[in-house]
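Residue numbers (our numbering), protein chains in the order written: chain A, 1 to 141; chain B, 142 to 289.
The set of hints was computed from the structure by calculation and includes no laboratory data. Be aware that one or more of the hints could be misleading.
[Claimed, not checked] Once the Cα atoms are required to be at most 30 Å apart in a straight line, the calculated DSSO-like pairs of lysine-lysine come out as:
no., chain 1, residue 1, chain 2, residue 2
1, B, Lys190, A, Lys93
2, B, Lys250, B, Lys190
3, B, Lys250, B, Lys220
4, A, Lys39, A, Lys78
5, A, Lys72, A, Lys93
6, B, Lys190, A, Lys23
7, B, Lys265, A, Lys95
8, A, Lys78, A, Lys19
9, A, Lys19, B, Lys265
10, A, Lys69, B, Lys190
11, A, Lys69, B, Lys220
12, A, Lys69, A, Lys95
13, A, Lys19, B, Lys250
14, B, Lys246, A, Lys69
15, A, Lys93, B, Lys265
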Amino acid sequence: MSYSILIVDDSLPMRSVIKRTLKTAGYGSAQFHEAGNGKEALAIMKNEWIDIVITDYNMPVMNGMELIKAIKGDELLKDIPIVVISTESNDVKIKEFVDLGAAGYITKPFTPETIRDLLINILGEVDYSEELDDSDDDFDF
Amino acid sequence: MKSLMTVMMTSISEVMETMFFLPVEFGEESKAINDRMKEYKPDMACQLKFSGDVSGKITLLIPESLLGEMAENFMGTPKEELTSEHISGTLMEILNMVCGNALGKAESKVPFELAIPEMIDESKIPGSLLFNIIQTPDSVMALNIGMD
């Protein structure tokens, strides 16, 4: 199954890293959407089918916590799982995210395995036969 | 609360090795701008304010050449395709990850709040400000923790 994944982070490099990590972790055939803050994410979610949201916490305009509150308060969006990837490693803050309805929490720095294990837990096992993404590879024959 | 510089060193090692595959060693405290980093100029500088049990700001300097290599490794994008936004974004993300990781380890009574990292003009940093030198295999970085 090919997923539609929304990555929300104000850092362009971090969005690229998360996308690359997800491809490495077996989600190469997923359709990726990107947003620089919570407000942009909500705009995308109004127009696109999203299977899972992966969001940072510390962002300008609308942060990750405000985004979770907005999604959970929207009848059409509330069941979409949300994973927070953040530098915040404080237990109190993590509990706040979970209490708000986050399906998972990953602290930076992270490894591809950490993301893969959490996403498999939420979305189900990856079908690796569909995950061959060779769009970035150049082959000379 | 544990010493901020002690936890910061642990976090720098963790972030550099996990996300950038870059081993680091910690050197002496030095006047970064005037001494050790001079040969690696121009440096790029980033600052992040924090508040909690104690408040202050953390400044990180990385030579542009090293930062380019780090951005390349971090994003998996060839150097020639990297833009200035990629380079400065990588520096801001490094500081964000290091500070978030370190302040989480600092056993503070009040959870730390981090501001958004900001690029600053390296030439405006006072030459008298002391920085801790972080040695990489081919270059150096410098870190200062300033308390309010």
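query: Failing hints, ascending?
result: Violated hints: 3, 6, 7, 9, 11, 13, 15; rest satisfied.
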